[in-house]
Amino acid sequence: MTEGLVVEDLTFAYRPGAAAVLDGMSARFEPGTVTVVTGASGRGKSTLLYLLGMLLRPTSGRLRWGDVDLTGADDRTCSRIRAERIGFVFQDALLDPARTILDNVLEGGLYAGLTGPVGRARAHDLLEQFGVRARVDHRPGEISGGQAQRVALCRALIKEPLLLLADEPTGNLDAESAAVVWQACADTAARGGTVVVATHDTSRAAGARHLVLA
Amino acid sequence: MTSGGLRPWHLVREALVTARVQRVPTVVTALVVAAVCGVVFATTGQSAAAEQRVLSRLGDVGSRTIVAEDVSGAAGMSARSVYMVSRLDGVQWALGVGPVVDVRNAVLGSAGPPVPGRLLYGDVPAEIRVGGRLPAAGEALVSPGAQQVLGLAQPVGGVMGAELDAALVGSFTAVAPLDGLNDGVLLRGPDRVAEPTLRRLYVLVEEVDDVEVLAAATRAALSADDATQIRVEVSTTVLDLREVVAGDLGSSGRRMMLLVWGVGLVLIATTLFAAVSSRRREFGRRRALGASRPVIVAVVVLHGLVAAGIGAGTGTAIGLITVWRTAGALPAAEFTAGVAVTAILVALVASLPPALTAAYRDPVRILRVA
Chain A
7 MTEGLVVEDL TFAYRPGAAA VLDGMSARFE PGTVTVVTGA SGRGKSTLLY
57 LLGMLLRPTS GRLRWGDVDL TGADDRTCSR IRAERIGFVF QDALLDPART
107 ILDNVLEGGL YAGLTGPVGR ARAHDLLEQF GVRARVDHRP GEISGGQAQR
157 VALCRALIKE PLLLLADEPT GNLDAESAAV VWQACADTAA RGGTVVVATH
207 DTSRAAGARH LVLA
Chain B
2 MTSGGLRPWH LVREALVTAR VQRVPTVVTA LVVAAVCGVV FATTGQSAAA
52 EQRVLSRLGD VGSRTIVAED VSGAAGMSAR SVYMVSRLDG VQWALGVGPV
102 VDVRNAVLGS AGPPVPGRLL YGDVPAEIRV GGRLPAAGEA LVSPGAQQVL
152 GLAQPVGGVM GAELDAALVG SFTAVAPLDG LNDGVLLRGP DRVAEPTLRR
202 LYVLVEEVDD VEVLAAATRA ALSADDATQI RVEVSTTVLD LREVVAGDLG
252 SSGRRMMLLV WGVGLVLIAT TLFAAVSSRR REFGRRRALG ASRPVIVAVV
302 VLHGLVAAGI GAGTGTAIGL ITVWRTAGAL PAAEFTAGVA VTAILVALVA
352 SLPPALTAAY RDPVRILRVA
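Same order as they appear, the protein sequences are chains A and B.
Per my numbering, the very first residue in the first sequence carries number 7; after that it's consecutive.
Per my numbering, the very first residue in the second sequence carries number 2; after that it's consecutive.
Bear in mind the hints are in silico, worked out from the structure with no lab data behind them.
Ideal placement from N, C-alpha and C gives every residue a C-beta, glycine not left out.
Worth double-checking, as some hints may not be accurate.
Which chain A residues face chain B? A few, computed with CB under 7 Å, are given here [to be verified]:
| no. | residue |
| --- | --- |
| 1 | E14 |
| 2 | F18 |
| 3 | L61 |
| 4 | L62 |
| 5 | V74 |
| 6 | G78 |
| 7 | A79 |
| 8 | S85 |
| 9 | R88 |
| 10 | F94 |
| 11 | R105 |
| 12 | Y117 |
| 13 | G119 |
| 14 | T121 |
Covered stretches of chain B, going by a simulated chain A footprint (3 or more residues, C-beta under 8 Å) [stated by the list, open to error]:
| no. | stretch |
| --- | --- |
| 15 | 199-211 |
| 16 | 291-304 |
| 17 | 337-346 |
| 18 | 354-368 |
Cβ pair distances, simulated, as ranges [what the hints assert, rightly or not]:
| no. | chain 1 | residue 1 | chain 2 | residue 2 | range |
| --- | --- | --- | --- | --- | --- |
| 19 | A | R63 | B | P9 | 41 to 49 Å |
| 20 | B | F274 | A | G198 | 38 to 46 Å |
| 21 | B | D363 | A | D15 | 17 to 25 Å |
| 22 | B | V342 | A | R34 | 56 to 64 Å |
Okay, chain A solo, but in the shape it has when bound (with noise of 0.2 Å):
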């Protein structure tokens, strides 16, 4: 599955009967390339993401990943692509207080079965990389917003995903940590992985291919 991801006619509503927040969509997010989804708060930007990542399930039309369709794939399936292929970023960074932020990154492969000696050095890696290596022994709440929000993306990256979806991870950054957040993201799409970001802000967005959810 190292081709593009494709929505077709991609219609959703939280409840039968309710009004739909995406109706008939289509688009196709293609691999080396990030996305930026934009658009008024209600529009589905947050819906999009959770669709692409299988949380939830269409209410009509298809989501193809390269020849695969994935429109009725079973819980199992949905958790493990996610597990070993997808990569979530929030803007609440929502690490688990309780453990350390090596913890909190190691988490990010352990349902993929990235653990023990090189899920810890890859994590490691990555916490140098994002510039909070001398935290890792340290609780969520022991860091500062913007570190919490790279120690994020160390989590969602870690599993090399084929599929990074952020949902306005610089919603709370200031410009310094937006930056690397950004830079992070180009870099996985120049490795080759798909990037869909939802965002209000486009400003650092350069290069990206934008996707208006009127």
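Got chain A; can you put chain B on it based on the hints?
Here is chain B on its own, set in the frame of chain A:
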């Protein structure tokens, strides 16, 4: 990226890590399980210990004794019966006692006062405590009371009776079930004689549960001219009482235990539900990171089992100490192990509903409100 997927030991490790980092749910669950174990020991444990104590008393020598008696003296019960019965599996010892005859101090002759003399057949059991040496055939032991009647300063000398003379080699004191022999002289008869000389055959059984079976076997193994004249007795009253005690204490204990475990199940489930509810963000995050529903169920259940294991161990230890201090006895090992295992099984059952709730909760709903 290459991966081997999530392995069972990853789940166990994750459950241990979760138990360590989620200290409050772990400690609360462990405390509830420990409290339930403690209540079980404080209630049914006390009953079980009392039952154990009463049953062990009812299972003492008195209830393990079989007595075959030649009521009329015409049964012709052979001393060979001692040998036959003592060979039965489950028989601790068998002792034959001949008819009572008058014996006197050999020095005083027929002018001396008589005491009851009985011929013994079979090995002298521990219930006859001997001062001096064990008598050989043709030798005798005298009880302190009989020694006084016979006018003997020491339990030595000789005794005489109709058709028998014996040298005294020591004294004896018999305890139950042979304490009826304490009024006289015990003369050691020859082993394995065929003559019909027994009036009573005492049999001590190793396990009280085997008494009734061995009573029937004893009757079948007796060597006698007319076995219908022999009455075989067991302490049926004690045996019946034993069954009643076991039944009554056991059933009331079981009812109490069911009630306690039922309440414990609800308490543990409620605790785990509360723990799961306080960890909604965690499960939403896990799902987003790739945890499948079975993985969420496994993590919650294993975490519950780790906490329950800690609680069961602690509660069992405290419960045993409490029972020992209050009842002066410990419940049977099977009961103790059963409490600990049941606590863990109850925790397993109680953790399933919250585990399924966590697994099937919509992760997006959680993530959107996080």
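To see whether the hints hold, each was checked on the structure:
no.	hint	result
1	E14	violated, 21 Å
2	F18	violated, 11 Å
3	L61	holds, 5 Å
4	L62	holds, 6 Å
5	V74	violated, 17 Å
6	G78	violated, 16 Å
7	A79	violated, 12 Å
8	S85	holds, 3 Å
9	R88	holds, 4 Å
10	F94	holds, 5 Å
11	R105	holds, 5 Å
12	Y117	holds, 4 Å
13	G119	holds, 4 Å
14	T121	holds, 6 Å
15	199-211	violated (count 0)
16	291-304	holds (count 6)
17	337-346	violated (count 0)
18	354-368	holds (count 3)
19	A:R63 / B:P9: 41 to 49 Å	violated, 29 Å
20	B:F274 / A:G198: 38 to 46 Å	holds, 45 Å
21	B:D363 / A:D15: 17 to 25 Å	holds, 24 Å
22	B:V342 / A:R34: 56 to 64 Å	holds, 57 Å
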